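There are 2 protein chains.
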Amino acid sequence: MKIALDAMGGDFAPEAAIVGARQALDLLPDIELILVGNKDKIHDLLKENNLDKNPRVEVVHAEHTVEMSDASTSAIRGKKNSSITVAATLVSEGRAEAVVSAGHTGAAVAATKVRMRLLPGVDRPAIATIMPSQSGPFVMLDAGANLESDAENLVQFAVMGEVFAKIALGIQNPRIGVISVGEEDVKGNDLTKRVFKILSSMPINFIGNVEGKVLFQKYADVVVCDGFVGNVVLKSVESMAKATMFWIKEAFSRNPFRMTGALLAKEAFKELKEIGDYEEYGGAPLLGVNGLCIIGHGSSSPKAFKNAIRVASQFIKLRLNERLSERLEETGALISKLKKNSGANNGD
Amino acid sequence: MKIALDAMGGDFAPEAAIVGARQALDLLPDIELILVGNKDKIHDLLKENNLDKNPRVEVVHAEHTVEMSDASTSAIRGKKNSSITVAATLVSEGRAEAVVSAGHTGAAVAATKVRMRLLPGVDRPAIATIMPSQSGPFVMLDAGANLESDAENLVQFAVMGEVFAKIALGIQNPRIGVISVGEEDVKGNDLTKRVFKILSSMPINFIGNVEGKVLFQKYADVVVCDGFVGNVVLKSVESMAKATMFWIKEAFSRNPFRMTGALLAKEAFKELKEIGDYEEYGGAPLLGVNGLCIIGHGSSSPKAFKNAIRVASQFIKLRLNERLSERLEETGALISKLKKNSGANNGD
Chain A
14 MKIALDAMGG DFAPEAAIVG ARQALDLLPD IELILVGNKD KIHDLLKENN LDKNPRVEVV
74 HAEHTVEMSD ASTSAIRGKK NSSITVAATL VSEGRAEAVV SAGHTGAAVA ATKVRMRLLP
134 GVDRPAIATI MPSQSGPFVM LDAGANLESD AENLVQFAVM GEVFAKIALG IQNPRIGVIS
194 VGEEDVKGND LTKRVFKILS SMPINFIGNV EGKVLFQKYA DVVVCDGFVG NVVLKSVESM
254 AKATMFWIKE AFSRNPFRMT GALLAKEAFK ELKEIGDYEE YGGAPLLGVN GLCIIGHGSS
314 SPKAFKNAIR VASQFIKLRL NERLSERLEE TGALISKLKK NSGANNGD
Chain B
14 MKIALDAMGG DFAPEAAIVG ARQALDLLPD IELILVGNKD KIHDLLKENN LDKNPRVEVV
74 HAEHTVEMSD ASTSAIRGKK NSSITVAATL VSEGRAEAVV SAGHTGAAVA ATKVRMRLLP
134 GVDRPAIATI MPSQSGPFVM LDAGANLESD AENLVQFAVM GEVFAKIALG IQNPRIGVIS
194 VGEEDVKGND LTKRVFKILS SMPINFIGNV EGKVLFQKYA DVVVCDGFVG NVVLKSVESM
254 AKATMFWIKE AFSRNPFRMT GALLAKEAFK ELKEIGDYEE YGGAPLLGVN GLCIIGHGSS
314 SPKAFKNAIR VASQFIKLRL NERLSERLEE TGALISKLKK NSGANNGD
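Listed in order, the protein sequences are those of chains A and B.
Add 13 to the 1-based position in the first sequence for my numbering, that's all there is to it.
Add 13 to the 1-based position in the second sequence for my numbering, that's all there is to it.
It is worth saying that the hints were derived from the structure and are not from the lab.
Certain hints may be false.
Since the list gives no way to pick out one identical chain from another, each pair is judged satisfied if it fits inside one copy or across any two copies.
In silico lysine-lysine, DSSO-like type, Cα no more than 27 Å apart, as pairs [said to hold, decoys possible]:
{"no.": "1", "residue 1": "K316", "residue 2": "K226"}
{"no.": "2", "residue 1": "K179", "residue 2": "K283"}
{"no.": "3", "residue 1": "K93", "residue 2": "K231"}
{"no.": "4", "residue 1": "K262", "residue 2": "K286"}
{"no.": "5", "residue 1": "K206", "residue 2": "K316"}
{"no.": "6", "residue 1": "K179", "residue 2": "K93"}
{"no.": "7", "residue 1": "K279", "residue 2": "K210"}
{"no.": "8", "residue 1": "K262", "residue 2": "K60"}
Treat the numbers as computed from the prediction; the structure is a model and nothing was measured.
Let the sequences and hints guide you as you build the complete structure.
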């Protein structure tokens, strides 16, 4: 099982990427890694990590790195030899089964779309992120692969999300919802109303609109939204969690009683911190590209890299992409038909 | 100072509204209340609360109540005699200085827009909500008055948000940002890019895009977004806070050590719960209508009603609407000019 790792992508790359790679190799005996990026830098780090003679590690040189300030299109225009583009090419050529990157998300989407192409029946890929809730994890997509999406895109996200929830969360018949501002079908914006109409006629377990106010009480197993909304929700909830830990720390250090209380309950704080910890999830798959792509958090630590690689190896084993293809084929003709009836535009 | 209270609006109305009214009358000696709604029901509750002979309380009958499942437009079409519409009319006729409602938000927006009209220079009103952050409160608007907005709307929201942050939070020169998915001006969707361009040329303290990931670390004092995004962010953060309290409770009751810890730090939990408690804020103003309108939370308790009335009385004293008008007049011509240059559409 060969996985291509964009060794240059991420705030703490390439160091964190290589240390994470070493941890993943220790943990997962059946994987091999292709490290893509500046070969000199990578070789130095491989030596430091005692990986320079490891037969399970290969290095493929890439001239450029897409920086966070670059446009997404740079991966397929100005910086065609960037680490993410070269890594995506390895998958398209069958030399690797998955690509893992914690770099520029837009660039990873652009590079994989162009190099690996899309699965039949998919017009746009979507990032599927697993989020914690009071009653267990759920899937939200799109978490930011696209900034504008039409109704048909969101319906395709729903189909892919259903497959993903089955595989990743083991839910037999996932409840699917669309994020909106009211429960009833008449509530929402033009986009959500169209999606509601199409999904109501699909052979999936569609439960209607899901309001923000019930999101983390888990009303649905899969929620779809456009990538702008998904990204803002994902990131602001992360920001809120960070603020909450700050407030907890502050509140518990205000006097000796509370400090003693905090000491006694030290392990409880640890558990709280672990809920929704992105380092544990490692990365979110970009669903809909023809080949597996795992997008890591921009500030991935070695542990996050290790887990992103672990997640990639799991989804290879679970045949995620084959199962997506099967389901997309089953539903594809129906989506087109329903789309015509709903008057959904192409909105591009 | 006369305030019209939609006594029928809210999950726990009219009971919670009348109890909240009594608490507000006790707290604020300079207010008088006009309770709008079903006069029989209100009279019964006034008796129960010893308010039936209070000279500071007046009752105005309204035949209908807009239900949560009604369309927003029902307030101005089918149910013209609904409590929210009658309350808004009292303000438009000068019989009250503000309206407070915890009922159907869309109906409150529709009723006040039609009855009270908009301030010159405003095409759409916006709900301005105060949110907590690690470094103090900030203002987010629009939190759900509109579901689709164009660039000019968001620019007007920024101007109104600036005035509101000065008055409500006492911030001299509020930093204004637009919610987006990346820091740079090139990142975001069509709407945010246009807003970025216009706001960059305005005589306000515009600091650029604000990503979800820094929202609750407070990078800006005022953030603007369309009402769909604002509503989903506001409500999902509320949902996350609820889930967090659930997780905290669970984590702290797992063994006797932790339970003792929790007991010692009881007051810390109380403090945590109070952060961002909507009952304390009471309600959010609908900025841009010609007259003060405070929108309460749908599940307003008596305390939330009391605080919504308190907030209304404060903003009357602080001349919120006059100050909005002044600033809108100062910036109005400029917005139109910049809008033309940016190629922003009307997007309606």
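Evaluation of the provided hints:
no. : hint           : in the structure
1   : K316 with K226 : between (32 Å within a copy, 21 Å between copies)
2   : K179 with K283 : neither (29 Å within a copy, 39 Å between copies)
3   : K93 with K231  : neither (42 Å within a copy, 37 Å between copies)
4   : K262 with K286 : both (12 Å within a copy, 14 Å between copies)
5   : K206 with K316 : neither (41 Å within a copy, 35 Å between copies)
6   : K179 with K93  : neither (36 Å within a copy, 49 Å between copies)
7   : K279 with K210 : neither (49 Å within a copy, 48 Å between copies)
8   : K262 with K60  : neither (40 Å within a copy, 47 Å between copies)
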